[in-house]
Every structure is written in C-alpha cells, then in structure tokens.
Amino acid sequence: MPELPEVETVRDGLARHVLGRRVEAVEVRRDSAVRRQAGAVPEFAGRLTGRTLSAAVRRGKFLWLLLDEPAVDGPIGVPGEALQAHLGMSGQLLVRGTATPPVEHPHLRARLHLGPTADAGPVVLDFVDQRTFGHLTVVDLVPTADGAPGGYGSAVAAVPEPVAHIARDLLDPALDRAVLVARLRARRTDLKRALLDQTLVSGIGNIYADEALWRARLHYARPTDSLSGAGVGAVLDAARDVMTEALRAGGTSFDALYVNVNGSSGYFDRSLAVYGQEGRPCGRCGAVVVREPFMNRSSFRCPRCQRRPRRSPERRTTAHPATRRT
DNA sequence: CCCGGATCCTGCTGGC
DNA sequence: TGCCAGCAGGATCCGG
Numbered sequence: 055m056p057e058l059p060e061v062e063t064v065r066d067g068l069a070r071h072v073l074g075r076r077v078e079a080v081e082v083r084r085d086s087a088v089r090r091q092a093g094a095v096p097e098f099a100g101r102l103t104g105r106t107l108s109a110a111v112r113r114g115k116f117l118w119l120l121l122d123e124p125a126v127d128g129p130i131g132v133p134g135e136a137l138q139a140h141l142g143m144s145g146q147l148l149v150r151g152t153a154t155p156p157v158e159h160p161h162l163r164a165r166l167h168l169g170p171t172a173d174a175g176p177v178v179l180d181f182v183d184q185r186t187f188g189h190l191t192v193v194d195l196v197p198t199a200d201g202a203p204g205g206y207g208s209a210v211a212a213v214p215e216p217v218a219h220i221a222r223d224l225l226d227p228a229l230d231r232a233v234l235v236a237r238l239r240a241r242r243t244d245l246k247r248a249l250l251d252q253t254l255v256s257g258i259g260n261i262y263a264d265e266a267l268w269r270a271r272l273h274y275a276r277p278t279d280s281l282s283g284a285g286v287g288a289v290l291d292a293a294r295d296v297m298t299e300a301l302r303a304g305g306t307s308f309d310a311l312y313v314n315v316n317g318s319s320g321y322f323d324r325s326l327a328v329y330g331q332e333g334r335p336c337g338r339c340g341a342v343v344v345r346e347p348f349m350n351r352s353s354f355r356c357p358r359c360q361r362r363p364r365r366s367p368e369r370r371t372t373a374h375p376a377t378r379r380t
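Residue numbering for the first sequence follows the numbering used here, beginning at 55 and increasing consecutively.
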C-alpha cells in the first residue's frame, strides 16, 4: 500500500522521466478515475492537453505535477494549476517509451501521451489501479498558509486546493515539530488513530504506523493525552526513521500491487518488524506477534513490548452549551 | 470544532 | 469443484 516512501519513489521517478514534456493527448479508460474532477472527463482532458509538466511535488501521500503555460485568459493572481494524483491502495504510475507497443494492462484507468524532451523521445504515462481508490484530477493551486514550499520537489509556495487541509509530513523541512507535538497531545483519542490522521501529520499509513509504534514500544490504543512530549517525539522519530529506511530501500511492496514508476518492486517489506508478521517472533523479545482488529483494520504488535494501556481514553463528553465558543 | 464510524471499490483467498 | 464471506485500507462524508 503506497505510503510516504512509496509515493516519494514514484515522485522521484516522475521527476526524472516526465518533466519538461507536453501533454499531447489524454485517454481516460474509466471515468471514475477522475471522479473528483469537477466537469468530469471533458474538463480533465481539456485542462491537461497542451500543458507542460514542470515539477513533481509530494506532500504526505499526495502527489502533483505542476502545469506550465496556464490556460489562455486564465484568472490573474492564481498561483497556477496541477495534475494531482492519489494512489489510494493500489495505484501505480508507469512510464514507458513508445519504441514498443504500450501494454494494455487490465487495470489501466488513464493514459497520458507525453511529447519528447531535448534528450529523449515521447513516452506514455499510465495510471493503473486495481482497487480503484486512487484518482487523478486537474486542480487549482492555492498559496501555503506559512509561505513555505508546498511540498517536496518544488520551491513553489502553493499546494493543490484539495491538499490544503493535509498536514506537512515528517520529512518536510517546514514541518513545525513543536506545534505537531502539542496538537497530538491535545487530542483525546488513541495514538494510532492520531498517527493516521492526515490533517495532523501526513504520510503515515497502516504499515508504518504499526512499525513506528513497535519501535517506540507503544500500544496503538495508548491515549494521546497520556503521553509526554518526549514520548510523542519518540514515536514521531520512529515513524520518520522507518520511512526514511524504506525510502532508501525503494519503498515497500506487497502482493505485487505496488511497483515504482519504472515497474520495479521495492523490497523493504522483508525488513518489517511486526506488520504482516502474525505468529512470528518479535525481533526484540521473541514474544509472538499478534494481529488485532482496530479501526476496521488490522493492527500488528508485540504483546510484550507493546502492552495494552490500563485505561482507554475517557470519552469526551459533549461540551456544555454555555462553555462553547463560536 | 472534534471525534469516530460508515462508505466507496475490486480481486484474491479460504472455508465448507 | 463452486460459491460466497471476509479481507485488504486510502480519504471523505456525516452524525453526534
């Protein structure tokens, strides 16, 4: 499942293979692939055709390609537009030269025909997505609230409008760690739920959440407001470290659903400590890793290293109307 | 505003 | 051998 390291691997591949290319033609093979697009397929293709891809940018699991040469008579003062992609659970972006006939993948959802660069011939960029949770959209950019670059891969201080509410990720130099720690501790919820909340900190999915919790020796149901600042810092460091290591290894791959932009799978999954390791010994203490349902998903943990907290988060009672501010 | 559960979707797997 | 329930889990929507 693509999380931050996998999406970054894709972003890097796109940066090396599609920038400076003009979109010559757009094929949408399945309309729902652009379901987030106002104006549906015609607007998607219309806003994309003829544009040049100028940067590949990522924030958390969101990915976008900046579009040069804005549409004629576009609104003044708008920072620009982007082709935004989210890979969902199973999305892939595959780049292929045109020397050989394009592969008609059964889960091909959209195909962009991209023109040549000074150095290389035209290519085809395929969006393939078996489980169809991913999508593509052409969107307007909005300025970042803090004036810092919108994400990794470009100095432009703007993000796609649908990404504006997504928090910065743990590898973002502009992330305000102190604010993040304070916000996380102010939550009244389970720690893993907070780690998965993309509006709090982005890029972490089910796999790296479990790995980070194991490294920090914390239980997924640990109440966020029972953690010290140091404890929160430790689990955030663990998440940052495990994602950095996965990135170095080329991203995690499961069941061949994820491959990088050139079609080669990552191999970091061999290094996972707990995720998918039910019944196998904890690499630290030897206790048998367990799988438990949590948030309608699976959570994997070591029952000895990651003890269940004594109390669950106290349920927040509805605020009294008299104390509620508008 | 904050929280948490339901929902979307497809294909594979395992039990009977 | 065939059928079907269960499972995988991103983001978003909506009720409380």
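None of these hints come from the bench; they were simulated from the model. Nothing here was measured: the structure is a model prediction, and the numbers come from that model. Ideal placement from N, C-alpha and C gives every residue a C-beta, glycine not left out. Please note that a few of the clues may not be correct.
[As the list claims (entries may be wrong)] Have a look at the derived ranges for each label pair, beta carbon to beta carbon:
no., residue 1, residue 2, range
1, 89, 363, 35 to 43 Å
2, 231, 97, 33 to 41 Å
3, 358, 175, 34 to 42 Å
4, 284, 339, 19 to 27 Å
5, 196, 122, 13 to 21 Å
6, 332, 280, 40 to 48 Å
7, 106, 153, 39 to 47 Å
8, 363, 202, 46 to 54 Å
9, 361, 325, 21 to 29 Å
Out of the numbered hints, which ones does the structure contradict? Violated hints (numbers, rising): 3, 6, 7, 8; every other hint is consistent with the structure.
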